[in-house]
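Just so we're aligned, residue 28 is where the sequence shown starts under my numbering, counting upward by one.
Any given hint could be a false lead.
[Said to hold, decoys possible] Below, a list of computed lysine-lysine pairs in the DSBU-like style, where the Cα atoms sit at most 30 Å apart:
| id | residue 1 | residue 2 |
| --- | --- | --- |
| 1 | 62 | 258 |
| 2 | 204 | 258 |
| 3 | 251 | 204 |
| 4 | 344 | 272 |
| 5 | 62 | 233 |
| 6 | 271 | 233 |
| 7 | 344 | 204 |
| 8 | 272 | 233 |
| 9 | 331 | 272 |
| 10 | 331 | 204 |
| 11 | 251 | 331 |
| 12 | 204 | 272 |
| 13 | 251 | 233 |
| 14 | 251 | 62 |
| 15 | 272 | 258 |
| 16 | 271 | 344 |
| 17 | 258 | 331 |
| 18 | 331 | 62 |
| 19 | 204 | 271 |
| 20 | 344 | 62 |
[Claimed, not checked] Label-pair restraints from in silico Cβ distances:
| id | residue 1 | residue 2 | range |
| --- | --- | --- | --- |
| 21 | 78 | 244 | 22 to 28 Å |
| 22 | 203 | 276 | 35 to 41 Å |
| 23 | 377 | 69 | 31 to 37 Å |
| 24 | 174 | 272 | 19 to 25 Å |
| 25 | 69 | 227 | 43 to 49 Å |
| 26 | 398 | 213 | 54 to 60 Å |
| 27 | 141 | 227 | 50 to 56 Å |
| 28 | 398 | 197 | 52 to 58 Å |
| 29 | 298 | 244 | 20 to 26 Å |
| 30 | 68 | 200 | 41 to 47 Å |
Hint data in this document are derived by calculation from the structure and do not stem from the laboratory. Just so it is clear, CB atoms sit at the ideal spot from N, CA and C, and this is done for glycine as well.
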Amino acid sequence: MMTQRVLERGPTLERLRALKMARSTHAYVRGNTQKFYEWLASSPASSHLPEAPAVWICGDCHLGNLGPVASTEGDVDVMIRDLDQTVIGNPAHDLIRLGLSLATAARGSDLPGVTTAHMIEAMVVGYDHALSLGDEDETPEPNVVRTVRRRALGRRWRHLAQERLGDVDLRLPRGRKFWALTDAERAELERLFTRPEVCGAILALKGRDADDRVRLIDAAYWRKGCSSLGKLRYAALVAIGGSKKDPGGYALIDLKEAVATVAPVTAAAAARIPSDPAERVVAGARALSPNLGDRMLATRVMDKPVVLRELMPQDLKLEVDQFTRAEATRAARYLAYVVGVAHARQMDLAERREWRRSLAQRARSELDAPSWLWDSVVDLTASHEAGYLEHCRRYALLEAA
Numbered sequence: 028m029m030t031q032r033v034l035e036r037g038p039t040l041e042r043l044r045a046l047k048m049a050r051s052t053h054a055y056v057r058g059n060t061q062k063f064y065e066w067l068a069s070s071p072a073s074s075h076l077p078e079a080p081a082v083w084i085c086g087d088c089h090l091g092n093l094g095p096v097a098s099t100e101g102d103v104d105v106m107i108r109d110l111d112q113t114v115i116g117n118p119a120h121d122l123i124r125l126g127l128s129l130a131t132a133a134r135g136s137d138l139p140g141v142t143t144a145h146m147i148e149a150m151v152v153g154y155d156h157a158l159s160l161g162d163e164d165e166t167p168e169p170n171v172v173r174t175v176r177r178r179a180l181g182r183r184w185r186h187l188a189q190e191r192l193g194d195v196d197l198r199l200p201r202g203r204k205f206w207a208l209t210d211a212e213r214a215e216l217e218r219l220f221t222r223p224e225v226c227g228a229i230l231a232l233k234g235r236d237a238d239d240r241v242r243l244i245d246a247a248y249w250r251k252g253c254s255s256l257g258k259l260r261y262a263a264l265v266a267i268g269g270s271k272k273d274p275g276g277y278a279l280i281d282l283k284e285a286v287a288t289v290a291p292v293t294a295a296a297a298a299r300i301p302s303d304p305a306e307r308v309v310a311g312a313r314a315l316s317p318n319l320g321d322r323m324l325a326t327r328v329m330d331k332p333v334v335l336r337e338l339m340p341q342d343l344k345l346e347v348d349q350f351t352r353a354e355a356t357r358a359a360r361y362l363a364y365v366v367g368v369a370h371a372r373q374m375d376l377a378e379r380r381e382w383r384r385s386l387a388q389r390a391r392s393e394l395d396a397p398s399w400l401w402d403s404v405v406d407l408t409a410s411h412e413a414g415y416l417e418h419c420r421r422y423a424l425l426e427a428a
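Using the sequences plus the hints, can you model the full thing?
Written out as structure tokens, the structure is:
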């Protein structure tokens, strides 16, 4: 059994984060939101970004942050699934971040550069279709999305329990992923799951009785994610209803520390954003991904802002190992459509019309996409490639030390 004291967690988690980011350029892109905005600000293309309606944006819109998400009513839709960096900002930032992620995935699949150009063009088509409130059926679903959606629809609690609990009977298995809590952390979580607002959020799921009792069975520090490594992260297993010996059901709860965003925010937008980081995440999630946002609760643990949400068996992320040329362009179009739907639901008709007009402007006849989008993706791809190699060099030196 691995016991990790709070003071020992930091160096271990930082080393694990560095290892994750050294695995591939795409992993480096996913785990380095701060560098994305630093390089975007220094890129010549950044001065040409269009003004757009100020709406809630993901702020970290890459492939791994999209996927099937279940609602409280049991519906499953492909949406943005991670809102740690959400702010009210320029939707162009989400498009550029998604374009960079797709371009990096294409490079990892050894696809020619012309495919990246076609992907950017396909992104614009899919995103514009969403702004026009077009039907999803008119945007072909790529195989990578169809596969994960079908898998999500067939999943039940037993599948989630097998993944997270393994063969351990109703306990979070201590070891590589789940670490022992301190006495103070355990006591804090015991108190948390007696609060009416916390129990109410858990019991709001379809099929549960609002009068049922919620009881904490087990909890652990959760070593999960990449950019969130080093922040508070807990997993809690709770029993719902029934008796102590025979509960009516179970739920696995994710408690994740919310931190300040690195995405740029204008003074006007800042006035509309909750000052508490956890409340900001929940507000952004409800605007962008209501399936997820309606299941979230902003709270505090160990005097830190934390977002609480129940993990659903249907919540899955897209895993892209290899793209074919055709699949790459289909994925680009569809995923940009998903992001566009999240943005469009926050805009009125006039805002959508004006934003579509900006996206339709072309500076190059040979590329059917805005030049600012293409130039930003090209500049950032080069910057992240160089940054990735430098990260690997530093990681190798660290391992050799």
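Here is what the structure says about each hint:
1. 62 / 258: holds (19 Å)
2. 204 / 258: holds (14 Å)
3. 251 / 204: Holds. Residue 251 to residue 204 sits at ~7 Å (cutoff 30 Å).
4. 344 / 272: violated (35 Å)
5. 62 / 233: Measuring from Cα to Cα gives roughly 41 Å; hence the hint is violated.
6. 271 / 233: holds (22 Å)
7. 344 / 204: With a Cα-Cα distance of about 18 Å, the restraint between residue 344 and residue 204 holds, given a limit of 30 Å.
8. 272 / 233: Measuring from Cα to Cα gives roughly 23 Å; hence the hint holds.
9. 331 / 272: The given pair, whose Cα atoms are some 34 Å apart, is violated under the 30 Å limit.
10. 331 / 204: The hint holds at about 22 Å.
11. 251 / 331: It holds: about 18 Å lies between the C-alpha atoms, which stays within 30 Å.
12. 204 / 272: Answer holds: residue 204 to residue 272 is near 28 Å, not above 30 Å.
13. 251 / 233: holds (28 Å)
14. 251 / 62: At roughly 21 Å apart (the allowed maximum being 30 Å), residue 62 and residue 251 satisfy the hint.
15. 272 / 258: violated (35 Å)
16. 271 / 344: Violated. Residue 271 to residue 344 sits at ~34 Å, over the 30 Å cutoff.
17. 258 / 331: holds (10 Å)
18. 331 / 62: Holds: residue 331 and residue 62 sit about 25 Å apart, inside 30 Å.
19. 204 / 271: It holds: about 27 Å lies between the C-alpha atoms, which stays within 30 Å.
20. 344 / 62: Given that 30 Å is the threshold and the Cα spacing comes to 23 Å, the pair holds.
21. 78 / 244: 22 to 28 Å: Cβ of residue 78 to Cβ of residue 244: about 51 Å, so the range 22 to 28 Å is violated.
22. 203 / 276: 35 to 41 Å: violated (28 Å)
23. 377 / 69: 31 to 37 Å: holds (33 Å)
24. 174 / 272: 19 to 25 Å: Violated - the Cβ-Cβ distance for residue 174 and residue 272, about 40 Å, lies outside 19 to 25 Å.
25. 69 / 227: 43 to 49 Å: The hinted range 43 to 49 Å holds for residue 69 and residue 227, with Cβ atoms some 46 Å apart.
26. 398 / 213: 54 to 60 Å: Hint holds: Cβ distance 55 Å, inside 54 to 60 Å.
27. 141 / 227: 50 to 56 Å: holds (53 Å)
28. 398 / 197: 52 to 58 Å: holds (57 Å)
29. 298 / 244: 20 to 26 Å: For residue 244 against residue 298, whose Cβ atoms are near 43 Å apart, the range 20 to 26 Å is violated.
30. 68 / 200: 41 to 47 Å: holds (43 Å)
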